[in-house]
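There are 4 protein chains.
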Amino acid sequence: MCRWLAYSGAPVSLEDLLFKPANSLVMQSKHSRLGATTVNGDGFGVGWYADSARPGVYRSTEPAWNDRNLRELSAVARSPRVFAHIRASTGSAVQQTNCHPFRHDNWLWMHNGLLTDFVAMKRDLAMAVDTGLFPQIEGSTDSEMLFFLALTFGLRDDPPTAVARAVGLVEEVARRRGIADPVQMTVATTDGTTTWAFRYSSAGSSRSLFHSTDVAVLRKQYPDNPDIHELSDDARLVVSEPLGDLKGAWREVPESSCVTVHGAGEELRPFEPVAT
Amino acid sequence: MCRWLAYSGAPVSLEDLLFKPANSLVMQSKHSRLGATTVNGDGFGVGWYADSARPGVYRSTEPAWNDRNLRELSAVARSPRVFAHIRASTGSAVQQTNCHPFRHDNWLWMHNGLLTDFVAMKRDLAMAVDTGLFPQIEGSTDSEMLFFLALTFGLRDDPPTAVARAVGLVEEVARRRGIADPVQMTVATTDGTTTWAFRYSSAGSSRSLFHSTDVAVLRKQYPDNPDIHELSDDARLVVSEPLGDLKGAWREVPESSCVTVHGAGEELRPFEPVAT
Amino acid sequence: MCRWLAYSGAPVSLEDLLFKPANSLVMQSKHSRLGATTVNGDGFGVGWYADSARPGVYRSTEPAWNDRNLRELSAVARSPRVFAHIRASTGSAVQQTNCHPFRHDNWLWMHNGLLTDFVAMKRDLAMAVDTGLFPQIEGSTDSEMLFFLALTFGLRDDPPTAVARAVGLVEEVARRRGIADPVQMTVATTDGTTTWAFRYSSAGSSRSLFHSTDVAVLRKQYPDNPDIHELSDDARLVVSEPLGDLKGAWREVPESSCVTVHGAGEELRPFEPVAT
Amino acid sequence: MCRWLAYSGAPVSLEDLLFKPANSLVMQSKHSRLGATTVNGDGFGVGWYADSARPGVYRSTEPAWNDRNLRELSAVARSPRVFAHIRASTGSAVQQTNCHPFRHDNWLWMHNGLLTDFVAMKRDLAMAVDTGLFPQIEGSTDSEMLFFLALTFGLRDDPPTAVARAVGLVEEVARRRGIADPVQMTVATTDGTTTWAFRYSSAGSSRSLFHSTDVAVLRKQYPDNPDIHELSDDARLVVSEPLGDLKGAWREVPESSCVTVHGAGEELRPFEPVAT
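If you read the protein sequences in the order shown, they are chains W, S, A and F. The first sequence begins at 0 in numbering that gives the first Met the number 0 and counts up one residue at a time. The second sequence begins at 0 in numbering that gives the first Met the number 0 and counts up one residue at a time. The third sequence begins at 0 in numbering that gives the first Met the number 0 and counts up one residue at a time. The fourth sequence begins at 0 in numbering that gives the first Met the number 0 and counts up one residue at a time.
It is possible that part of the hints are untrue.
Anything over 12 Å on all C-beta distances counts as not near chain F; from chain A, calculated [said to hold, decoys possible]: (1) T96; (2) K121; (3) D123; (4) F133.
Which chain A residues face chain W? A few, computed with CB under 10 Å, are given here [as the list claims (entries may be wrong)]: (5) K29; (6) H30; (7) A35; (8) T37; (9) G40; (10) D41; (11) T60; (12) E61; (13) P62; (14) W64; (15) N65; (16) R67; (17) S88.
Bear in mind the hints are in silico, worked out from the structure with no lab data behind them. Don't be surprised by glycine CBs; every beta carbon is placed ideally from N, CA and C.
Given the sequences, and given the hints that come with them, work out the whole structure.
What follows is the structure, encoded as structure tokens:
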């Protein structure tokens with residue numbers, strides 16, 4: 000059920016980010032190590048910020064490992080903030096409008112996991128979406144619905160609270176419909192300057208999520224590792240699974256928590272759904 | 000804004016139906032004569048009935064004139080009832096789930112036209128869809144929404160009334176939102192044994208629609224025309240525009256009317272929206 | 000590096016053949032058990048004979064597990080002779096013209112394996128292709144080149160000899176170029192009435208290949224197994240890997256041999272390249 | 000049969016170049032004014048130079064007017080040298096490897112036109128391609144073959160002579176095969192610093208080709224036209240058809256000639272095939 004990465008720091012080449020690492024995201028599209036599915040070949044997407052506040056988004060229904068245009072784009076594009084996602088559909092159609100990241104103005108959103116029995120909850124959730132936002136839902140996934148609920152609940156003003164309320168609503172609807180453990184998610188969202196990443200599941204056993212440790216520290220630890228030396232001190236990665244085996248480079252994000260990445264700063268706080 | 004054809008009669012090869020005529024539907028995909036747009040290259044679809052009650056549906060986002068698999072399928076498939084549609088998008092994404100014909104159980108539905116300012120009406124219309132049917136909406140088009148409204152209003156029991164009520168609802172919602180001339184449509188729908196075709200627009204100037212005249216009569220008129228001799232006496236076509244220039248072969252369907260085709264029988268009746 | 004199946008017998012539904020079995024070919028596209036690669040997601044193709052001598056061919060660059068049109072086609076198409084192939088590219092582009100089976104008039108051809116260092120041999124092999132056939136090469140794969148060499152060497156008159164000479168030429172060119180173990184192949188080809196399957200590799204360690212055993216015998220062995228009862232007595236399958244775990248249902252094709260399937264008859268003979 | 004544009008000058012946004020003009024190339028993909036075909040919907044491609052000597056190339060089989068990723072890429076990419084091409088196939092498959100521009104190291108090549116009866120000449124031409132280059136031919140078009148012939152004849156050292164010899168060879172092969180008027184072409188090629196554009200046809204009636212006039216002069220002529228003011232003094236465009244109706248902005252390239260664009264400098268010389 001999908002894998003993703005969120006990068007922030009000095010501008011990097013998308014190629015270095017998506018293709019070079021030993022366990023790169025493109026590699027994971029064919030052979031994920033920690034994913035619920037080993038193959039994530041049902042499309043993919045990349046969102047990156049360049050000169051304007053609105054990020055570029057490249058989404059394709061091909062497996063990432065096959066997409067020549069992704070290689071071309073990656074070879075020429077550099078960005079200080081990149082979201083990338085490889086998809087393993089849980090049933091909805093394989094089409095660009097169902098590929099992550101989803102974009103709204105300057106915001107990006109991507110999700111790994113699912114809403115249990117989404118079909119049974121879909122109408123109730125759709126009804127809860129802000130009437131002005133509703134027509135902008137383009138695809139048919141639970142992930143996009145969750146994004147629009149978060150937007151409805153104030154994502155642009157207070158992301159952690161908005162996501163908590165969105166998840167709270169889903170769990171409330173699930174209760175009414177008698178659906179157990181409705182939410183399984185790791186989610187990343189950004190406004191272009193800050194990244195918020197969430198790890199949560201109603202059942203308390205969420206998909207894997209990791210964030211990179213302080214590059215300056217790593218550099219001292221591995222004075223001879225070139226990969227690290229190319230990274231800026233404020234470089235930060237949040238990923239579904241580590242991109243390599245470098246010991247100490249990755250720290251697991253605990254269950255039911257939210258990581259905020261702003262510049263070199265990182266803040267970890269507990270995450271809890273809020274009943275609406 | 001799209002072109003379509005609906006055939007019923009003795010089983011025909013899809014190739015004869017879609018590729019052979021002088022002004023075939025595939026030809027129209029690149030050079031429509033009467034269409035609101037000359038190019039209908041934003042995907043296409045074919046629905047055909049074979050052994051089971053549920054029709055097969057082949058839909059693609061490629062222009063029909065380019066799709067090799069359509070040629071292959073057409074060369075081997077024969078069917079007594081075929082719906083075919085070429086799309087010119089009025090804004091929604093070019094993806095298979097937005098291609099016509101749409102299918103529900105044994106029913107097919109295709110539409111040429113648009114709902115004016117659909118974005119402004121989308122939520123109200125979505126709310127009116129039967130709660131059980133709502134999650135089955137896969138795409139983002141006004142055409143599919145109209146189908147689900149018709150299903151909601153009893154398409155399976157009384158198609159003309161169901162379509163009249165669906166259109167009536169759209170016009171009522173449009174009135175509330177101050178949208179003028181909301182409906183522009185030629186629609187065809189079938190349960191596999193009868194075909195209903197509608198020509199209607201709120202403004203009273205609808206897209207072109209024609210139906211074929213009695214084959215037996217034509218055959219007497221053109222004793223030497225091979226095309227006609229291959230057709231069965233009960234062969235009937237309803238089309239956005241004539242497939243050829245044979246004089247007397249095509250009769251225009253009048254404004255605000257519904258044609259019912261059952262076997263060799265044809266019935267023309269006025270069509271009027273019903274306020275809900 | 001690809002998986003394939005070749006069916007002959009009483010007409011079967013493509014759906015039963017491609018989707019129903021426990022280890023169906025579509026299943027193998029995501030999780031092959033015996034393949035050189037577990038994922039065969041770089042396109043696929045199906046060739047089937049219907050009313051005409053020329054088979055229909057449906058080829059797509061999508062992973063087979065995702066292609067909705069394949070499901071639609073499979074649900075309505077029945078055929079007494081079916082070739083199906085799922086691709087794992089060894090480098091050449093993922094495009095329809097590189098998908099198997101390849102077709103020439105009434106002939107089909109599919110290949111699992113590769114020609115080592117094909118790039119270095121490509122021109123020499125291309126030069127050996129019959130000048131009239133050369134322009135009909137549409138793709139860029141070693142597999143299609145092997146097909147055209149076999150056609151050049153008389154595939155239509157004596158398939159085993161033509162394939163032996165094609166392989167012989169490749170090995171001769173490889174020798175000249177100093178390429179070791181140039182050929183790795185399981186190949187199936189048919190003229191619509193007989194199927195020839197080959198298992199061979201220069202190194203003597205070929206990809207897996209199996210053929211089904213006598214259905215009548217199996218039926219006695221498993222009186223209660225419905226799968227078998229649906230099959231006709233002359234039903235024969237040649238496959239890259241067994242479609243299920245039924246003991247005794249599958250027999251491995253030995254190294255360096257050719258299986259000929261005609262009606263219920265089966266003939267196994269040794270296969271050896273012929274120097275040209 | 001295709002339309003293209005070649006830009007050089009100060010870095011411009013691909014969006015400004017491909018989407019903004021009144022008769023933009025994307026517009027021409029649906030409604031070409033001067034093309035041999037009005038619809039150029041059989042794929043497209045963009046090549047652009049960024050930081051490295053090797054240009055990026057984005058090619059797609061979708062009609063340019065539909066490709067969302069092209070819009071995304073165009074919105075973020077800026078380049079001082081851009082080649083863009085929209086395709087109308089003359090028979091060869093619609094696949095990325097048949098889309099222009101074609102790339103070899105730091106070189107780009109695109110072609111509008113065709114080689115008459117290419118099928119009959121294909122093998123002879125393929126044989127003339129440098130043996131080292133031959134395996135790098137990926138597609139099946141006459142245009143790519145012409146590129147590889149030019150590379151074979153020294154494109155990297157002396158483009159005008161190399162193209163003259165390539166065309167000369169085609170005409171010689173055509174003579175041998177009794178093919179009349181074999182070459183119809185406007186071709187553009189660049190090494191990343193200079194652009195060479197050719198207009199030639201064996202019959203002496205070539206596809207349309209224009210180049211932009213001196214921007215500084217235009218700016219004096221139209222002091223109030225914003226489009227022009229955004230352009231740098233050394234901005235130069237060579238196009239299949241004018242991007243707008245600005246009088247004096249476009250000058251037709253004469254029959255049988257070659258335009259060389261280097262910086263603000265332009266040189267027009269006669270072009271004549273060279274017998275090999």
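Now the hints, each set against the structure:
no.	hint	verdict
1	T96	violated (5 Å)
2	K121	violated (4 Å)
3	D123	violated (9 Å)
4	F133	violated (5 Å)
5	K29	holds (6 Å)
6	H30	holds (8 Å)
7	A35	violated (14 Å)
8	T37	holds (8 Å)
9	G40	holds (5 Å)
10	D41	holds (6 Å)
11	T60	holds (7 Å)
12	E61	holds (7 Å)
13	P62	holds (6 Å)
14	W64	holds (8 Å)
15	N65	holds (5 Å)
16	R67	holds (8 Å)
17	S88	holds (8 Å)
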